[in-house]
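Protein chains in written order, with the working numbering: chain C, 230 to 433; chain Z, 6 to 177; chain W, 721 to 892.
It is worth saying that the hints were derived from the structure and are not from the lab.
There may be inaccurate statements among the hints.
List time: in silico SDA-like cross-link candidates among lysine to any residue, alpha-carbon distance up to 25 Å [as the list claims (entries may be wrong)]: (1) 829(W) - 32(Z); (2) 829(W) - 86(Z); (3) 79(Z) - 805(W).
Some residues of chain Z that are not near chain C, with every Cβ distance over 10 Å (derived) [as the list claims (entries may be wrong)]: (4) 83; (5) 156; (6) 171.
So these bits of chain C aren't anywhere near chain Z, every CB distance computed over 10 Å [what the hints assert, rightly or not]: (7) 241; (8) 245; (9) 249; (10) 268; (11) 275; (12) 284; (13) 303; (14) 308; (15) 310; (16) 324; (17) 330; (18) 399; (19) 412.
Keep in mind it's a predicted model, so treat the numbers as computed, not measured.
Where a beta carbon is used, it is the ideal one built from N, C-alpha and C, also for glycine.
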Amino acid sequence: MVGATALSLEGLVAVDADVVRLRRGDLNALSELITRYQNRLYRYLLRLVRQPAEAEDLFQQTWLKVVEKIRSFDASRNFDAWLFTLARNLAIDHLRRIRPQSLDEPLADSWHSETVADRIPCKDDTPLDHALAAERRTEMSEAMAELPMMYREVLTLRFEDEMKIEEIAQVTAVPVSTAKSRLRRSLEQLRYALEARHPGGTWQ
Amino acid sequence: MSEHDKIRELLALAAADALTSAEERQVAEHVRSCIACSNELEAWRPIASELRRLPTPQPSPWLVQATLARAGAKLTEQAERDWNRHVMIVVVAFAWLLTIASWPVFHFVTGRFGSWLEPQFSHTQFGQTLLGRTWFSNTWISFTAFTALGWLAGGVAAVMLTIRQRGERRLA
Amino acid sequence: MSRFTKELRVIPKAAWIVACFINLCCLLPMFLFVAPTDPEVGKWPHWGQALCLGGMFLFMGAWVALIGYVYGDAKRRQMRYVMWTLLAIFVPNAIGMILYFILRDPLPKPCPGCGHIEKAGFPFCPRCGALLQPTCSTCSKAVDPTWANCAHCGQRLPEPAARATQDRALAT
């Protein structure tokens with residue numbers, strides 16, 4: 230699957246080359262960048278706003294902003310972090326305008342409207358594993374959707390994008406120590422929510 | 006806070022691979038001797054691994070194309086504007102050079118043919134000495150006349166075109 | 721191919737031929753016959769004369785090339801190319817050219833349906849009716865994607881998430 234986790238070293242080098250071409254107005258470079266980041270960026274936005282249609286619109290707006298600001302982007306900086314920061318700011322502005330309360334509170338139904346067909350299945354060993362895995366997955370997704378936005382964000386950046394803590398701190402515009410404690414608290418709250426569904430045991 | 010408590014706080018982050026190497030060593034050492042922390046660490050691992058294996062949601066199939074169409078249009082528009090700005094600078098510089106270069110050309114031409122006009126436009130008639138210098142020779146008249154004519158014609162053309170352009174835009 | 725060389729191809733071959741012709745017909749005779757006899761220039765060394773004349777005719781070449789560019793470019797942008805070429809030639813000090821570069825229309829894009837090229841700015845193709853730009857559902861005029869209401873008729877435009885059908889049509 231294209232670009233589901235943070236880029237490898239060769240991926241990063243290719244991105245830098247594309248960024249240089251993009252500054253000169255090369256459409257192919259833009260196309261390659263959008264394709265390379267399509268899954269990661271969409272996933273991040275979806276975790277933040279929890280509505281697929283809004284996430285798609287924000288996806289387009291992010292790339293429009295990238296085109297607008299690419300000239301003032303210092304090519305030696307990390308393009309990943311910059312892109313995600315732009316996306317984050319747009320998402321937060323959007324949420325503040327449309328649903329200011331959702332920045333902290335859980336959203337009732339939207340998460341379940343994603344159909345199973347929308348997801349890329351993971352490799353699992355046996356049909357039983359498959360069924361258990363599906364159940365675990367649903368539980369995990371539901372629990373995560375109910376966390377406050379700040380926690381969802383740091384969890385998705387760490388586990389789904391596999392960003393380093395320093396990068397996460399850069400994207401969320403907080404010091405590294407705050408990012409670490411946020412990650413810890415988000416994990417604790419997630420575990421608390423999961424174990425609440427299976428009282429009396431740890432979540433397996 | 007005792008060391009045990011400190012390590013307990015780091016366990017979740019340990020499962021998330023978010024610790025520095027020094028902290029990891031600390032945790033590894035402590036976990037070897039402390040059963041409670043070891044169990045706790047093992048309790049965190051399935052959560053971390055499941056989070057890592059969350060399926061990636063897929064956007065609509067045409068999202069990339071639609072984004073490329075809109076962002077690409079903006080990119081080409083910006084590239085156009087930058088290119089136009091460069092062209093403008095070059096053309097304006099060229100226009101100035103043309104104006105300045107026309108002066109020696111005029112000097113050259115009037116120098117050769119000015120003698121034909123001498124009887125009518127002698128220096129004494131136009132160029133009364135001012136501080137001992139003749140200011141108005143036929144060459145300078147030609148310079149100024151040509152440059153002024155150029156600016157006047159350009160100004161008139163600009164005004165006419167702007168009026169026409171505005172009229173057209175209003176109808177559209 | 722850099723942008724500059726791409727744009728150079730817009731200049732019609734005739735312009736290059738005229739530039740060479742002028743240079744050959746005027747440069748050589750001037751260098752050989754006129755310059756040595758001129759009261760001022762004749763005193764310069766030969767390379768000085770050659771340089772001066774060479775510079776003048778480089779200018780002339782650039783000027784003719786620019787006029788050729790205005791002709792070719794106005795033609796491909798579906799503008800009134802005869803008028804613009806005449807303006808570029810006859811408005812002195814290259815002011816006509818400057819006006820052209822300020823006032824030129826954007827480059828038209830070929831229709832994705834039938835490939836027909838029409839002046840830029842129209843939302844539908846005149847030959848096959850394909851959609852070229854996002855339009856208002858009520859008055860069918862072109863609208864900017866960032867607008868909340870249509871600027872022509874005031875109709876409230878759909879939320880970005882609901883623009884899916886139009887986006888899809890434009891993306892293919």
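Here's how the hints hold up against the structure:
1. A C-alpha spacing of about 63 Å is found between residue 829(W) and residue 32(Z), which places the hinted pair above 25 Å, so the restraint is violated.
2. Straight-line distance between C-alpha atoms of residue 829(W) and residue 86(Z) comes to about 16 Å, which keeps the hinted pair within the 25 Å bound.
3. Between the alpha carbons of residue 79(Z) and residue 805(W) the distance comes to roughly 30 Å, so the proposed pair goes past 25 Å and is violated.
4. Its closest Cβ contact with chain C, about 7 Å, brings residue 83(Z) to no more than 10 Å, contrary to its assignment away from the interface.
5. Chain C leaves residue 156(Z) outside its interface by the beta-carbon criterion, the shortest separation being 35 Å against a cut-off of 10 Å.
6. In this structure residue 171(Z) is separated from chain C by more than 10 Å, as the shortest Cβ-Cβ distance comes to about 29 Å.
7. No beta-carbon of chain Z is positioned within 10 Å of the beta-carbon of residue 241(C); the least distance is around 19 Å.
8. Listed as a non-interface residue, residue 245(C) keeps its Cβ farther than 10 Å from every Cβ of chain Z; the least gap is roughly 18 Å.
9. No Cβ of chain Z approaches the Cβ of residue 249(C) within 10 Å, the least distance being about 14 Å, so the stated non-interface status holds.
10. Distance check for residue 268(C) against chain Z: the nearest CB is about 5 Å away, which does not clear 10 Å, and the non-interface claim fails.
11. Against chain Z, the non-interface label of residue 275(C) is violated: not every CB pair exceeds 10 Å, the least being about 5 Å.
12. The Cβ of residue 284(C) does not lie farther than 10 Å from every Cβ of chain Z; its closest approach is about 7 Å, which violates its non-interface assignment.
13. With 10 Å as the threshold on Cβ separation, the claim that residue 303(C) sits away from chain Z holds: the shortest Cβ distance comes to roughly 18 Å.
14. Every Cβ of chain Z is farther than 10 Å from the Cβ of residue 308(C); the closest lies at roughly 15 Å, confirming the non-interface assignment.
15. The beta carbon of residue 310(C) is kept farther than 10 Å from every beta carbon of chain Z, the shortest such distance being approximately 16 Å.
16. At the 10 Å boundary, the C-beta of residue 324(C) stays outside the reach of chain Z, the nearest C-beta of that chain being 18 Å off.
17. Once the 10 Å rule is applied to beta carbons, residue 330(C) is consistent with being away from chain Z; the minimum gap is 23 Å.
18. Every Cβ of chain Z is farther than 10 Å from the Cβ of residue 399(C); the closest lies at roughly 15 Å, confirming the non-interface assignment.
19. Residue placement check: residue 412(C) does not keep its beta carbon more than 10 Å from all beta carbons of chain Z (closest about 6 Å).
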